[in-house]
Structures are given as structure tokens and as C-alpha cells.
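Quick note, the sequences are listed as chains A and B, same order.
Each residue of the first sequence is one higher than the one before, counting from 3 in my numbering.
Each residue of the second sequence is one higher than the one before, counting from 642 in my numbering.
Heads up, a few of these hints could be off.
With a Cα cut of at most 20 Å, we get these calculated SDA-like pairs of lysine to any residue [to be verified]:
no. : chain 1 : residue 1 : chain 2 : residue 2
1   : B       : Lys805    : A       : Ile298
2   : A       : Lys128    : A       : Lys297
3   : A       : Lys180    : B       : Gln737
4   : A       : Lys297    : B       : Lys805
Note that these hints are calculated values from the structure, not bench results.
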Amino acid sequence: MHPIVSIGTSHHVAPIEFREKLAFSEAQLTEAVQHLRETYQVQEAVILSTCNRVEVYAVANSMPSNDAAAKMLVEFLSRYHRMSIESLKKCTYLHHNLETIRHLFRVTASLDSMVVGESQILGQVKAAYDASREAGGAGTILNRLFTKAFSVGKRIRSETTITTGAVSISYAAVELAKKIFNTLEGKTVAIVGAGEMSELTAKHLVSNGVSNVIVANRTYERAVKIAEKFNGTPLAYDSNLDFLIDADIVISSTNAPDYLIKRQPLTDIMRRRRHRYMFLIDIAVPRDVEPDVNKINHAFLYNIDDLEAVVASNLKDRQQEATRAEQIVTEEAKRFYDQLQIFQVNPTIKALHQQFREIADTELQACFYKASLTDQQAAAVNSMTQAIIKKLLHDPMKNLRYAVNDGDADHAQYVQALQELFALDVKDEEPEP
Amino acid sequence: MINFLFLLTLLIYLAASIFQTLSLALGNRTEAIAIRSTIEQIAFSGTAIGFAFLTLFIPLWWLQQGHFPMTHWTDSIAFFAWAVTLIYLIIVRLTQLRTLGSFVMPVAFIAILISYSFATHTAALPEPLQNYWLLAHTTLIFLAYAAFIAAFGFGLMYLITEQKIRKKTDTLLDNLLPSLGISDELGYRCTILGVILLTMGVIVGSLWTQYIKDVPWRWLDAKVVATLVTWFIYVVQIGFRQFWGWHGRRAAYTAIIGFVAVLCTYVGVDLFLDSMHTYR
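This is chain B alone, in the form it adopts within the complex (with noise of 0.2 Å):
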């Protein structure tokens, strides 16, 4: 039954993300004016109910693994994509920028298709690490990972209006995306908020291994530098944008760099690297 109704969810945001990126490619033509409303209404309540599902789902592996479930993939890419929308609807309940979850809904599919296909798989946590403090850590840094991931839609928005305004090839009219300003704002504004996240995550983390005593513990782990270093990239760019007013263009670019490193650090560590952190 659970196995269905992830599914059924894996198909609502399969379609939730089609159909977003369907009403951004219709935009404001005027032959679709009717339709691509329609369309987007759609989107978006397939992402609401989708959510609301996947919310569903977190309490229902606790109670079958009688701990915060976070050990195996299926867990954690599943929270990870709960994450990303939960951040994507608040920015929506903020901004009214549903063209947002044409970049973010894809990349919140595409984590619940992996968790699906490691669906059957189960892996048993160590007893010491079953306590909130994994929760908390977890939280705080998958939160960051999500607004990580909406500054990267913010910056792929960005360089795709500016392209349009630079080449001249639309009326500006046909394009739903905000203007560059906006993208900027928003965009700088997620890398703050993720950092802030990420920073209070790594906190309670190395708080965390205070309290552990039976598990051995390496502040050399691959996932703690990687981490590290992402942080520090993001740092930078806020640094930058603050001192040198390294905005716009340069920050979108950023704003993708950090994609690829929260992916390096959240699915590349595991797959390549020897980690404390790593889901079985």
C-alpha cells in the first residue's frame, strides 16, 4: 500500500513538473493565454497534493523503523526532495513565482525516482545515532540543500531572461519570468537563507559528535570536507556580491557552481568516496 501510494506520488510530480514547465514554454502567447493558466493550476496542485503525500510518508517510515528514517537512500532523497518543495512552496506563498518550480519540481523528481527504484531496500541504523540530534542535523542541513537548490533556479531564470533581453528575440511579453532584479533578489536571498542552514546544520553536527561515544569518529570524513567546502563557496559569493558587487550574471553562475557542488557533496561523496555519512 505504502509502495502504491510513493507511486502515485513519484507520478505527481512527474506530471506537476511537465506541466510547470509546459505553462513556462506556453508563457503569455496569446493563443495559450486560456490554457496555460489552466495548465499551471494543475502544476501546482499536483506539487500541493504531491507534498502533502510525501509528508505523509516521513512519519509512516518512522513508526516501520521505529527511528527517524535516514538511513538508507530511499529515506534520505526522499526527504531531500520533501525539502525542495517545501522550500519552493513557501517561496511560492511569498512571491507568487510558481515559474520557480519549473527548475525545481524536475530535480525534486528526479530524487523521489531514485528513492523509488531503492524503494524494497532497508538499512538499519546504529542504535547510538537514534536520538533528535539526527533530526535536527539532518533538518537543517537538507533545508539548506533545498534553498540551495531554489538560488540555482533563481540563477538559471536569471541567465535565461537576460539572454532574451540581450538578443532582443522576444517582446518580453511571451516570457513569464520575473525581471533580472527580481531573480537576483530572490536568488541572493535563498543563498543567504541556505547558509545560514547549513551553517547552524554543521554546528549541531560537530555538537553532535560530543555525545557520540561508541561510534568512531574522524573529523577528516569526505562529506564533512565536501560540506566545507561548499559552504565556503557560497561564503564567497556572498562576500564577493557584498564587497565587490559581484551580482547578476556572476552570481547566477555561483548559484549553479553550488548546485553542482551540494550534488558533489550530497550523492558524489557516497558514491565515490569513504564516508562516515554514507547511506547504505
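Bound conformation, chain A alone (with noise of 0.2 Å):
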């Protein structure tokens, strides 16, 4: 049994400082995996590099105790970043064989991700291995791990909310945009004022489909600014806010101490767009429009709070489906581990088959060759002969696996001492396609 072990580093436990330290860039990552395995007792390794996380997977080579195989990953990241083995020791994590396997599948399925449920840790993790593979570093067993992690990913994203719901200001008003409007596709924004915040809902609108931005400010020079980022209509705007009636979308920032957009205009200004949805995101403090718009029939009003709410909410609901996710990686991690140690394990059983197979042909031929037997005496002692090689492995085998299946950590002893005892040729199986 090879130990699978696992080093890294996350927001979780490490400040920027720190991980950025530890960081691979792209070019790194290929040599560093070659020369993970070229110096050190590592048959195979991915390096995953991320923002927020550097870990790197490996499984050692012969088979040293899981600790010689931790210190050996330790050493490697010490060299490599030149960084002293106490200060990683402080802000690393180590795990082992289950450990390990239900780490990598918590970080796929973005349960160990600073937002729980976020959409990129999947293709991270997948470019990190594609990487690695292709530097010669994933071999069969980090093969079926990293493909059985991306199917745990994909079930927990499909089995669970965890991925669903807005958990941010901006996307939160898009959610809401597309359950007023049947479709963003032709619609226009119209941003009104500056800030971040909605610059940036103006831009995940865009991305969603809304075509026309609309740019508004005091100032004539601050709205083309703006309206550039966008290849937006840039307009300077006074008390009169016509331009509202283009508008389906409203994002309003503005420092106005008082109400910009009121109840009595906005109802003319609804009545002259015939009434078409207006969806008036307020995200201004303090507010940009009157509460009571949002009394008016076709217009609907959020400000900040609202949109708070509704992230806060959907936080919630994301925290309790990934305690079910949670569930589904235990679940998945331990199968896994007892498939992968079956799969271990089978090389050894299949080469003391054909050990006790080769010898007893040779042993056959022999007889047969001395004593002339009858076809039927011949095919006799033959059938008796097989029979002597299934009760002898029987039992052994049928031990054997029960210590696999049980996790009796023993079994690995038993396989070492197999192969040490019948001094096994064992070759590692290619994984089935």
C-alpha cells in the first residue's frame, strides 16, 4: 500500500503573506513536479496552486510510514521556497490516505472554499491536474483519485444547493432581474451616479445579457468616464430624469443627501414607458428613491438592505446544504479508500496466483513427462493439481480482503509480508478505461 499523503496551505490557516510565498506560478508547476519525483521517494504528484490554497498531493514510492512520507513533502517545499521547516510546519496542514482523499474531494467541491459553494475551485483543480499529468506527475492511483473528485464534485453540485443562490450585492440583483423581466436579452441599465458596487452589478448584468447601458451623473466628464468601461451612453442629468424612461434597470449611487428618484415623477415617467418593468436597485446611503416607488404597479424597488437579505438568506441555506455535502464526501471518501486499497491489493493476490500457477505447471510437465499417463489420468492429476491451488489461497485470499473491507490497517503488513515471504514480482495495474 502506497500512502497517499497531502501538504498544503489555505486561507484558513495562512495570511496572504504566507501563501504567496508558497505559491507555483504556471511555469514552476511542471518542473516542480518533476523534480518531486526525480529526488524524492514520490512515484506520483499534483501541485495544486490556487489564490487561496497551495497543496500538493503526492503517493510515496516504496513504503515508508505515512510520518517519513509527510516529513518528505515538508523537506521538498522547504528546498523549494527556501523557507524554514518551522515556519511551515506552522502554517501547513498534513494529511494521510483517508484524510487526504476526503480533503482533496471537500476542496473539489468547494466545501473548504473561502464561499462555500463558489463555481471556479472545480476547473482550479482540474487545470492543476491536467498540469500535473502532463509533467508525468498523476499516475494511476492520483488518476482514479482526481477523476472520482470531480464526480464527487459534479454529485454534490447536482445533489445539493450549495452552488445556487446569489451570495453577493451584485449577483443578488441579478437574480432578481431575471425574475422580473422574461428576458435581460435587449434591456438597458441605466447607472446612476458612482461606486464600485455599481459599476459592478452593472457589469454582471451585462454579462447576463443586458445590452444598452445608460450612464447618468452631475458631471458631463464623470459619466463619459464611466460609460467608457461600458461602450455605455454617457448624459449629464439635472433635476430632469427623462432618461429614466429608456430605463429597465436603474442602479442608483449617488451622494444626493435627499430622495432623487420620487414616487409622483416616477409614476408619470412609468406611465410614459407604458408601464414596461423598471427594476430600481438602491444601493446609494442615504437612499437615492423614495420607498414608496416601489408601491408603484411595474416598479420594483431594492435597496441595500433588501439585497443584503437576500444574500444573507441564500448564505444561510448554502450553510445548511453543505452540511449535507459534507455528508456525501465522508460517504464517497471512505468507498473510495476501501475500492483504492482492494485495487492495492490485487496486484499481490494475482501475482501469487500465477506464482503458485507457474509452479505448478512446471511441476506437471515434469510428471508428465516421467510417467506416461492416459489423457484421462493426465487430465485428472491436472484438475486435482488446481484444485490444491484454490483451497491452499483460499483461505488466505478470503482473510486478506476481509482485512481490506474491515480497514484493519494490518493488511498492508499482510501484503508486505506476502510479497517479502513468496518474493512477489508485483507490477501496479493500469486503471481500467
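Combine the two chains into a complex, taking the hints into account.
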């Protein structure tokens, strides 16, 4: 049994100052994987390096103890990044076997992410795996492990709702817009005032299909500056809000001390735009839009608190779902670990059978050569020999498989003992296609 | 045997209505995500099976009675349920919006319940009325009714969603209903379809009167008047929408008023007024 070990650091345990020192650039990655395999007792390796985490997954070469394998990885990181082993130990975590598997599954399912359920991590793990595989890092065991991690990640995304529901104000606004309009295609968004949040929201709306952007500001120059980013129409407004006639979505974030958009004028504007839906997002504090605007037919007003409430409720849902996802991860990791052990025991079992059969064949040939037997007799001797092999191997193999299935730690020793006692030449299996 | 099958159909429609509504009530709530899709699947399969049964009854009754079954409440209202389900299935086919079933399937169920409670009654159809005019006239009218009921369903969906968005009561994720724009647009399309079918049905009906010699005909028949009123309500809605932008909430309210008008035309007239069209 080759130990699967991992070392890593993430936003949970280390600040950015530390993580950036451990990061591997894309160019370094290939080289690092090869270096790890050539210099250390490592058979397979995958390195994952994102802005929130740096992790090394490795399968140790022969059969060192878990601790020895872990030490090897610490040493690798310390030498590669020229950092002291003490500082590394403080801000990293180490996992072995089942824990490594569980950790990778959690990472891939984005349960370990800063925002639980975020969608980028799956792609990042895939890219890391691909890069390491091209560098010759991933072999039979890590291939299986990562393939499984992707399918577990997908299972969790489809069976739980951890990935649904906006968890940022700007996405919440996009989701609400989608609940109002039949499509965002061809719709117009008006950004009134300036601000990072309103630009971000507008950006998400545009990437979701909104086609026209109006940027209204007190000063025309500022409006032009922002409009450039969206290929939008700049305009300066004073008290005249007629540009709202064309706006389906209004994002307001001015510094005005008073309400800028009031119920009465907006009612008039709504009539002039033939009561087409208008979604007003007021993220200004103090507020820009009179709350009563929400009472106008076909006008829907959300202020910053309303959007925060949507986000908070979505986050709560995700937390609940994360618990369910953790259960899936634990269960899948256990199953995978068992399969992996059987998979790792199989070559030994095969080799042992092979050896017994070869010995028997040789002896049978010798026997047939010495004694001239009739076909019938030869067949009888032959089948007797096969039966003896089968019966001799039956109990040891049964007990070995039991030991594996029970999660009995002894089985690794059994395997090692078998290999040494019988001087078996064990080759690792190729994974099934 | 037919009676037993009809009872079975009734129960299937009941189950489909309950399950479909339950599925909507569960929504996208995280705890129920797996079970909800199963429930909806059951509801939809039920709808399809119920519809298949109902489709069988029409030729069966036709054979039994020797003419298109449209004389008694049993036949008529079962045919009505059939039309409602047909339009619903077509809409699901085109839009995947099974949630509409939560609103139209109960209507279909109640129709079958009424039909079942009259099931032992039969009535003879006067000889001069036994022809394909009857088939064309009633099929068009009932499909129009069904389209109006779908529009009514979309109207309710609109009002529920609007309420949720305005009151900010949920995260909108729990909500399986389509966006306001979609409910509104589909409701409008159903209304247009209904008006076209109803217009055709009325035209066929009035042409038919030219061919009936032996049955006295009067133009000021209660059913005819009620139908024209219903027709007028929907045409006015479409006109206002075209010229004054009356959509959304107003369209949804009109769809509900139209629904009441359809019920009055179809059921009310028979119960309280004297009409040529009365079912026996």
C-alpha cells in the first residue's frame, strides 16, 4: 500500500503573505512536479496552486511510514521555496490516506472555499491535475483519485444546492432582475451616480444579456469616464430624469442627501414608458429612491438592506446544504479508500496466483514427462493440482480481503509480508479505461 | 367497466393535482430538492396517464351513444377536462413549465368530479344536431375555454410572483414560478389563442344555424349572449394591451375576470337561465 499524503496551506490557516511565498506559478509547476518525482521517494504528484491555497498531493514510492512520507513533502516545500521547516509546519496541514482523499473531495466540492459553493475551484483543480499529468506527475492512483474527486464534486453540485443562490449583492441583483423580466436581452440598465458596487452590478447584468448601458452623472465628464468601460451612453442630469423612460433597470448610488427618484415623477415616467417593468436598485446611503416607489405598479425597488437580506438568506441555505455535502464527501471518501485498497491489494493477489500456477505447471510438465499417463489420467492429475492451489489460497485471500474491507490497518503488513515471503514481483495495475 | 375506469381517471387527476401543487409548495427548498423532482415526476406522469384514459372515453361514449358525446353534463364536462389537459400538455411541451399544472389540474379534476357524479345519466341528442358541425363547434369552443384557463393559471402565477418580489419575502430561489415577464407573455399568448379559437367556434356555430331546419333557433339565446360578453372581455384586454400597454398585473386581473366569465358562460347559464345550449 503506497501512502497517499498531502501537504497544503489555505486561507483557513495562513495569511496571504505566507501563501504567496508557497505559490507555484504555471511555469514552475511542471518543473516542480518533475523535481519532486526525481529527487524524492515519490511515485506520483499533483500540485494545486490557486490564490487561496497551495497543496501538494503525492503517492509515496515504496512503503515508508505515513510520517516519513509527510516529512518528505515538508522537506520538498522548504527546499523549493527556501523556507524554514518550522515556519512551514506552523501554517500548513498534513493529511494521510483517507484524510487526504476526504480533503481533496472537500476542496473540489468547494466545501473548503472561502465562499462555500463557489464554482471556480472545480476548474482550478482540473487545470492543476491536467498540468501535473502532462508533467508526468499523475499515475494510476492519483488518476483514479482526481477523476473520482471531479465526479464527487459534480454529484454534490447536482444533489445539493450549495452552488445556487447569489451570495453577493451584485449577483442577487442579477437574480432578481431575472425574476422580473422574461429575458435580459435587449434591456437597458441606467447607472445613476458612481460607485464600485454599481459598476460591478452593471457588469454582471451586461454579461447576463443586458445590451444597453446609460451612465448618468451630475458632471458629464465623470459620466463619459464610466460609460467608456461599458461602451455606454453618457449623460448629465439635473432635475430632469427623463432618461429613466428608457431604463429597465436603474442602479442608483449618488451622494445626494435627498431622494432623487420620487414616487410622483416616477409614476409619470412609468406611464410614458407604457408601464414596462422597471427594477430599481438603490445602493446609496442615504437612499436615492423614495421607498414608496415600490408601490408603483410594475416598478420594483430594492435597497441595499433588501439585497443584503437576500444574500444572508442564501448564505444560510448554503450553510445548511454544506452539512449535507459533507456527509456525501465522507461517505464517498470512505468508499473510494476501500476500493483503492482492494485495487492496491489486487496486484499482490494476482502475482501470488500467478506464482503458484507457474510452479504447478512446471511440476506437472516434469511429472508428465517422467510418467506416461493416459489422457484421462493426465486430466485428473491436472485438475487435482488446480484444486489444491485454489484451496490453499482460498483462506489467506479471503482473510486478506476481509482485512481490507474492515479497514484493518494490518492488511498493509499482510501484503508486505506476502510479497517478501514469496518474493513476489508485483506490478501496479493499469486503471480500467 | 367504463365506470370503474372513469373512477380511476378521477383519482389519477386528484393525485396529479395534489402532487403538482405539493411540488410547487416545496419549491426549490434545499431540504426537499431530491423529493420534489420525484413528486413532480409522479404528478406529470399521472397527468399523462389521466389524459390518455380521458382520450379513450370520448370514442367509447361515441360508440355507446351513436353520436359525438356532447348532450349531457357527463360528456360535456369530461370533454372540457380533456381540452384543459390537452392545452396544458402542449404548453409543457413548448415551455417545460410544469408548474402551470398546479393551477389548471385542479380545475380539470373538479370538472371530472362533476362529470363522474352525473355519470349514470344519459340524454338523447335530437336527430338534426347529430353531425360534424357539433364536433367542430364544441371542440373549438372547449379548446378556447382551455386556453383561457391556462391564461388564468398564468395570471395567478404572475400575481404570486409579483407579491413575492414586492414583499421581498423570499430569496426567490424557493420559488419555482417563472419570471413576471414570462408569466405575462405566456398568459397573453394563451389569451390570443383562446380568442382565435372562440371566434372560430362562434363562426362555425352561427353557420351551423343556417343548416338546422327542424330545431327552432333564436339569436338572443342566453349562451350566445354570455359567450359574446366573454369574448368581448378578452378582446378588450388584448386591445388595451396593444394600445395602452395594459399588461402585467392588469392583464392578470383580466385573466381572472375572464375565467369567471367562462365559468358563467359554461356552467352559470345552464343552471340559472334557459338556453338552447343547455345540457340535460
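Structure-based check of all given hints:
With a C-alpha separation of about 15 Å, the suggested pairing of B:Lys805 with A:Ile298 holds against the 20 Å cut-off. For a cut-off of 20 Å, the pair hint linking A:Lys128 to A:Lys297 is broken: about 49 Å separates their Cα positions. Of the supplied pair hints, the one linking A:Lys180 and B:Gln737 holds, its CA atoms being roughly 17 Å apart against a limit of 20 Å. Taking the CA atoms of A:Lys297 and B:Lys805, the gap is near 13 Å; set against the 20 Å cutoff, the hint holds.
Hint compliance for this structure: hint 2 is the single one not met.
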